[in-house]
Amino acid sequence: MSIRFTNILKNLIMEQSRFQVLYDKFVKPPKGGRGIIPFETLVAMIAGDPSSRFPDGMDIDTIKPTDMDRVKIGKYTQWILKNFITPTLPENHPLLVLDPNSGQYKQALKEYQNLFLENLYKVTGDLEKFERFKNRIPQEFRDINKLTPTTLYDQVKDFSMEKTKATKDEKKEASKTYEHPGGKVVYRGQDWTVVKISDTGQIGKDAACFYGGSYQEPSKGETRWCTSSPGLTWFDRYIKDGPLYVVIPNKGAVHSGGKEYGDVSGLPALRYQFHFPSNQYMDPSDHQINLIDFLNTNEEGLKQFFKPEFMSSLTGEKGTKVQVEYPNDSASKFIALYGFDEFFDSLPQNIQRFTFKNSGKDKISLNVPNDISKFKELTAINFVGCVASIPESICDLPKLQYLSLVDNPNLQQIPECLANMPNLMVVNIPGASGKNIIPQALYDRDNTDDDFHIFE
Amino acid sequence: MKIIITEDQLKTAVFQNAVDMALDDIKQKCDKINDLGADAGEIISFDVCDQLESIKRIEIVTVYKTNNIIEMGLIVYYDSIFPSMDVGDYLYELEHHLREYLGKGNFKLKLLNVINENPRSDW
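Just so you know, the sequences run in chain order Y and G. Residue 225 in our numbering is what sits at position 225 of the first sequence, and the numbering runs on without skipping anything. The number in our numbering is simply the position in the second sequence, starting from 1, with 456 added.
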């Protein structure tokens with residue numbers, strides 16, 4: 001213990017003294033003379049070293065020598081200084097051929113140093129790569145003191161700092177915490193955790209592979225999700241439309257094959273992947289689950305967590321058309337989970353077209369809420385097999401042109417005020433004839449207005 | 457109930473608007489097919505989706521109501537190096553999507569002309 005403490009103390013003293021040594025050597029003017037470089041330049045060199053550490057909030061433009069006690073000088077600072085003050089120059093470089101006492105030499109030196117400072121950020125980037133990929137650089141180039149900024153660039157130019165893969169340790173850790181690079185834990189409940197994968201790049205794909213168990217089949221406690229196959233491009237096709245959600249139980253759980261945990265990922269064998277834009281909610285065997293049952297029978301927090309995601313899938317690409325294909329699409333699932341009134345409340349007010357088609361075997365009889373009048377931009381309404389009543393407030397939709405109410409056996413009389421809507425041009429109610437659904441006022445308008453049509 | 461026996465040209469704007477919305481619906485579905493392939497909910501013929509690129513607009517030029525059936529005369533404008541285009545499948549799809557706004561069996565489409573707007577279509 002005491003040895004460790006001594007080491008720490010030694011390091012602290014060395015770091016402090018490192019600045020003092022550099023300051024004394026390069027900045028402090030000798031008697032009757034000038035320092036080699038200004039203090040600001042020394043600070044720029046230290047800041048250009050990616051291994052230097054400045055305290056949070058410290059402004060390097062206004063820093064003073066006394067503040068430097070709090071700065072950790074990095075291990076590449078001396079190398080940067082060396083290349084600034086005594087650079088290795090190519091043959092015939094003006095600084096090698098000109099008389100050091102001449103004005104031309106001084107001018108060339110000034111230009112060289114200005115250029116060096118201007119390009120220092122590039123050297124910083126190259127040093128970051130050098131630090132990270134040193135073990136992949138040929139052995140003879142791993143000593144920084146044998147490199148110049150030019151040869152350093154040559155060695156690291158093909159590496160990218162963008163992280164593309166998680167390390168083994170990160171994967172091991174992720175099997176316990178579910179936090180894998182490229183995925184973000186967005187919900188932690190009592191029984192379930194939800195991870196969101198939004199990254200469309202390689203790190204996102206790596207995460208999708210990890211959470212899916214690299215397509216290693218449920219018999220190994222993993223999944224058959226095509227997005228988890230490292231060699232295929234399915235991930236790219238899905239992620240561009242929206243994030244993937246992986247829903248994982250907080251403890252080991254069997255899906256099939258008797259395994260509680262995956263052989264490859266170490267994650268619970270039972271887990272689900274949701275992709276809202278494509279309306280896919282898959283179990284480990286890549287079969288659709290009954291999402292409504294799943295969310296209604298598990299913890300409430302999970303159901304509430306996914307509500308915004310459902311809402312964002314309610315409108316189309318342009319956000320002005322709502323199309324519900326009941327009972328199969330995401331919007332229908334929203335209605336089944338959260339109710340029709342909440343669905344109505346969730347719709348953006350600028351929608352222009354609203355279609356609700358019930359293609360299920362059972363007819364449903366919804367009472368369209370009064371606040372349909374809030375959708376002032378609506379031009380077309382199409383309700384198929386789903387409504388029982390239309391409120392008077394529909395007449396407050398100034399832009400409504402098409403009202404189509406097809407196959408609604410329980411529909412009651414539609415409001416008389418529809419006859420007074422100046423822009424309404426088509427009322428399509430097949431099968432209404434003889435049922436007194438259409439008020440006389442609409443027939444009267446049909447007889448007098450060539451631009452108004454009733455189809456029944 | 458109004459039954460017009462005599463032919464009477466109606467204003468085209470109402471129906472032009474419905475056609476434009478139906479075309480927009482087709483385009484959105486084609487985009488979805490493009491993105492999701494077989495996972496897209498509703499499938500539209502690939503030929504129709506391919507033609508979308510070339511067809512610039514569909515113009516309703518005449519509208520008549522006969523025996524309570526609206527007959528819309530239309531011209532298809534396209535831009536292609538090919539001198540002719542078979543728009544049969546396209547109009548079938550349009551008719552299908554128009555039902556959402558005008559109802560089923562209430563209208564007929566009558567193709568009056570197909571015009572290529574590409575000046576170099578005769579190479």
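The hints are simulated quantities; they were obtained by calculation from the structure and are not laboratory data. Heads up, a few of these hints could be off.
[As the list claims (entries may be wrong)] FRET-style restraints, in silico, Cβ to Cβ:
| id | chain 1 | residue 1 | chain 2 | residue 2 | range |
| --- | --- | --- | --- | --- | --- |
| 1 | Y | G125 | G | G544 | 56 to 62 Å |
| 2 | G | G544 | Y | K399 | 31 to 37 Å |
| 3 | Y | L117 | G | P575 | 43 to 49 Å |
| 4 | G | F502 | Y | S389 | 40 to 46 Å |
| 5 | Y | N370 | G | F502 | 40 to 46 Å |
| 6 | G | F502 | Y | F294 | 48 to 54 Å |
| 7 | G | G544 | Y | G257 | 48 to 54 Å |
| 8 | G | E509 | Y | V186 | 37 to 43 Å |
| 9 | G | G544 | Y | E342 | 43 to 49 Å |
| 10 | Y | T448 | G | E509 | 42 to 48 Å |
| 11 | G | E509 | Y | Y121 | 44 to 50 Å |
| 12 | G | D487 | Y | N370 | 31 to 37 Å |
| 13 | G | F502 | Y | S256 | 36 to 42 Å |
[As the list claims (entries may be wrong)] Cross-link-like lysine to any residue pairs, in silico, SDA-like; alpha carbons within 25 Å at most:
| id | chain 1 | residue 1 | chain 2 | residue 2 |
| --- | --- | --- | --- | --- |
| 14 | Y | K321 | G | E515 |
| 15 | Y | K321 | G | K485 |
| 16 | G | K485 | Y | I85 |
| 17 | Y | K363 | G | K560 |
| 18 | G | K483 | Y | K361 |
| 19 | G | K560 | Y | V384 |
| 20 | Y | K321 | G | P539 |
| 21 | Y | K321 | G | H553 |
| 22 | G | K485 | Y | P327 |
| 23 | G | K483 | Y | T320 |
| 24 | G | K560 | Y | N423 |
| 25 | G | K512 | Y | T320 |
| 26 | G | K560 | Y | A441 |
| 27 | Y | K28 | Y | I85 |
| 28 | Y | K399 | G | Q484 |
| 29 | Y | K399 | G | D480 |
| 30 | Y | K321 | G | D542 |
| 31 | G | K483 | Y | E140 |
| 32 | G | K564 | Y | T448 |
| 33 | Y | K321 | G | T522 |
| 34 | G | K483 | Y | K28 |
| 35 | Y | K361 | G | R555 |
All C-beta atoms in this analysis are idealised placements derived from N, C-alpha and C, irrespective of residue type, glycine included.
For each hint, the structure was consulted:
no.: 1; hint: Y:G125 - G:G544: 56 to 62 Å; result: holds, 60 Å
no.: 2; hint: G:G544 - Y:K399: 31 to 37 Å; result: holds, 34 Å
no.: 3; hint: Y:L117 - G:P575: 43 to 49 Å; result: violated, 58 Å
no.: 4; hint: G:F502 - Y:S389: 40 to 46 Å; result: holds, 42 Å
no.: 5; hint: Y:N370 - G:F502: 40 to 46 Å; result: holds, 44 Å
no.: 6; hint: G:F502 - Y:F294: 48 to 54 Å; result: violated, 35 Å
no.: 7; hint: G:G544 - Y:G257: 48 to 54 Å; result: holds, 52 Å
no.: 8; hint: G:E509 - Y:V186: 37 to 43 Å; result: holds, 39 Å
no.: 9; hint: G:G544 - Y:E342: 43 to 49 Å; result: holds, 44 Å
no.: 10; hint: Y:T448 - G:E509: 42 to 48 Å; result: holds, 44 Å
no.: 11; hint: G:E509 - Y:Y121: 44 to 50 Å; result: holds, 45 Å
no.: 12; hint: G:D487 - Y:N370: 31 to 37 Å; result: holds, 35 Å
no.: 13; hint: G:F502 - Y:S256: 36 to 42 Å; result: holds, 37 Å
no.: 14; hint: Y:K321 - G:E515; result: holds, 23 Å
no.: 15; hint: Y:K321 - G:K485; result: holds, 12 Å
no.: 16; hint: G:K485 - Y:I85; result: violated, 65 Å
no.: 17; hint: Y:K363 - G:K560; result: holds, 19 Å
no.: 18; hint: G:K483 - Y:K361; result: violated, 29 Å
no.: 19; hint: G:K560 - Y:V384; result: holds, 12 Å
no.: 20; hint: Y:K321 - G:P539; result: violated, 36 Å
no.: 21; hint: Y:K321 - G:H553; result: holds, 14 Å
no.: 22; hint: G:K485 - Y:P327; result: holds, 19 Å
no.: 23; hint: G:K483 - Y:T320; result: holds, 15 Å
no.: 24; hint: G:K560 - Y:N423; result: holds, 22 Å
no.: 25; hint: G:K512 - Y:T320; result: holds, 22 Å
no.: 26; hint: G:K560 - Y:A441; result: holds, 24 Å
no.: 27; hint: Y:K28 - Y:I85; result: holds, 15 Å
no.: 28; hint: Y:K399 - G:Q484; result: holds, 23 Å
no.: 29; hint: Y:K399 - G:D480; result: holds, 18 Å
no.: 30; hint: Y:K321 - G:D542; result: violated, 30 Å
no.: 31; hint: G:K483 - Y:E140; result: violated, 60 Å
no.: 32; hint: G:K564 - Y:T448; result: holds, 23 Å
no.: 33; hint: Y:K321 - G:T522; result: violated, 32 Å
no.: 34; hint: G:K483 - Y:K28; result: violated, 72 Å
no.: 35; hint: Y:K361 - G:R555; result: holds, 21 Å
Against the hints set out earlier in the document, violations occur for numbers 3, 6, 16, 18, 20, 30, 31, 33 and 34.
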